[in-house]
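Participant: Residue numbers (our numbering), protein chains in the order written: chain X, 1 to 202; chain S, 1 to 202.
One or more hints might be untrue.
Because identical chains cannot be distinguished in the list, a pair is counted as satisfied if it fits within a single copy or across any two copies.
In silico lysine-lysine, DSSO-like type, Cα no more than 30 Å apart, as pairs [said to hold, decoys possible]:
no., residue 1, residue 2
1, Lys-46, Lys-131
2, Lys-2, Lys-131
3, Lys-2, Lys-146
4, Lys-146, Lys-120
5, Lys-22, Lys-131
6, Lys-22, Lys-120
7, Lys-2, Lys-177
8, Lys-22, Lys-2
Simulated from the structure, these hints should not be mistaken for laboratory data. None of these values were measured; they are calculated from a predicted model.
2 protein chains.
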Amino acid sequence: MKIYDTKTAPTPRRVRMFLAEKGIDVEYVQVDIVSGENLSPEMRAKNPLGKVPILELDDGTTISESTAICHYFEALQPEPRLLGNTPVEIGLISQWQQRAELYLFMQVGMCFQHSTGYFKDRMNPVPEYGKEAGINAQKFLHLLDKHLAHSTYLAGEQFSIADITAFTAVDFARVVKIRIQSDQVHLQRWYDAVNARESARA
Amino acid sequence: MKIYDTKTAPTPRRVRMFLAEKGIDVEYVQVDIVSGENLSPEMRAKNPLGKVPILELDDGTTISESTAICHYFEALQPEPRLLGNTPVEIGLISQWQQRAELYLFMQVGMCFQHSTGYFKDRMNPVPEYGKEAGINAQKFLHLLDKHLAHSTYLAGEQFSIADITAFTAVDFARVVKIRIQSDQVHLQRWYDAVNARESARA
C-alpha cells in the first residue's frame, strides 16, 4: 500500500494528519504538482482527474479524494474514531466535515487558484471570483468562531475529521492573507488546541 | 423526525431519493427558498448557513448537508447499503461521491448561480466564473461517459449515493442548457437506468 502525496499541498496533508491520528504508517511517494507530474499519463491512469492524494492498494486498486481515503481507513481500522460511532455522531461529524470542506477549504482553494493564477497553465483564473471565494471563507471563519464559543471541537467534544479539514484550510489560508482575527478568540483557542496535536506535524 | 425540504431544488432531492431507495418514510416540511424563508431567524437557528435540507430529530437535534443526512440514515438503517460495506467499497463509493459532488453537482450549481443571477439578492454573481463552472461540468460528463463504458454504475456494479448525486446534477444541469451529448452513449445508458428507478420520482 502507498499514497501518492505532495508534502506542500493542503489536501494531501488532511490524509497524513488523519493517518497520524490513527497511528497508521503508510509509504508516501512524492509527486511534483508544480511541474505537472500529477498530469502525466501514468498518474492519470491512477486518477483521471490528475489530483493527489491517491491511495494505491497492493492489488493495484486506487482510491482518490482525501475524504474517500479517510473513509477507507476508518472502515479498515475504526479506532480511534474520526468519523463518529452512533448515527447522530456520524451525522453531526459529516455535517461539519461538509461545511468545513465546502464553505472553507474549497473557498480558500478557489481564492488561491483564481487570485494568484498559480495554475494558470491548466485553468482559467477569474480574479473577481477569487475575491468572492476569499470573502466566503472569512464569513465561515466568523460563523466558526461563534460556534466554537460553546463547542470544544467542530462536531462537539470529540476531535474529528471536520477539525482536520478546517485546521488545514486555516493554515493554508495564510497564502491568501486570510488569518484568524484578533477578536476571534474561540477560533484561536480551537486552532491552538489542534495545532498542539502531534498529527499537526504529519 | 422531519426534514425541511424544497421540492424544486436539486440538493434536497438527493436526500429524498436516498430515503426512497431505503424505503424510509419521513415527514417533509416545505421551505420557500425563493422568498428567502430559509434565511429566517427560525431556520438559521436550525442551520446557521441558511440552507436546506435540514433533518430535525424528535429531541431537536438538527443535521444539515445532504451527504451528512444520508450518512445518518445509512448508520441508522444500513440496508440496502448505498455507502458501501467493505473498506474498499466504502472508499470507492466515497471517491465517486466526492467526484460527482465537487466536479459535477457543485459546478452545475455554480454555473446556475453565477450565470443566471437567480440569488443575486444574497450573493455577488460572477458570470465569467459561471461560464467556467459550466465548462468544468461538461468536462466531467465526458470523463463519466468514458468511465461508464466499463462500469454499470459510478462505483462499480452496485447502485450507490454517487449515482444519486450525479443523476440529480445531470437533471438540474438542463436549466443551464448542459445536456448529455448524443455521442455519450454510456452516460445515456446509465442515466436511463437510474431514471427508471422508482426513487427518481421521489
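Participant: Is it within, between, both or neither when you check Lys-146 against Lys-120 at 30 Å Cα-Cα?
Facilitator: Result: close only across copies, 26 Å inter versus 36 Å intra.
Participant: If the cut is 30 Å between Cα atoms, do Lys-2 and Lys-131 qualify within a copy, between copies, both or neither?
Facilitator: Neither, since 37 Å and 37 Å both go past 30 Å.
Participant: First find the shortest C-alpha distance between Lys-22 and Lys-131 inside one copy, then the shortest across copies, and answer within, between, both or neither for a cut-off of 30 Å.
Facilitator: neither (37 Å within a copy, 42 Å between copies)
Participant: With identical chains treated as interchangeable, where does the CA-CA distance between Lys-2 and Lys-177 reach 30 Å or less: within a copy, between copies, both, or neither?
Facilitator: Neither: 34 Å inside a copy, 41 Å across copies.
Participant: Indicate which option fits the pair Lys-22, Lys-120 if close means a Cα-Cα distance not exceeding 30 Å: within, between, both or neither.
Facilitator: Classified as neither; 37 Å inside a copy, 44 Å across copies.
Participant: With identical chains, the pair Lys-2 and Lys-146 could be close in the same copy or across copies; at 30 Å between alpha carbons, which is it: within, between, both, or neither?
Facilitator: Between. Shortest inter-copy distance 26 Å satisfies the 30 Å Cα cut-off; intra-copy 39 Å does not.
Participant: Should Lys-22 paired with Lys-2 be assigned to within, between, both, or neither, using CA atoms and 30 Å as the limit?
Facilitator: within (16 Å within a copy, 35 Å between copies)
Participant: Pop the pair Lys-46 and Lys-131 into one bin, within, between, both or neither, using alpha-carbon distances up to 30 Å.
Facilitator: between (33 Å within a copy, 29 Å between copies)
Comparing the model with each earlier hint shows violations of hints 2, 5, 6 and 7; every other hint is respected.
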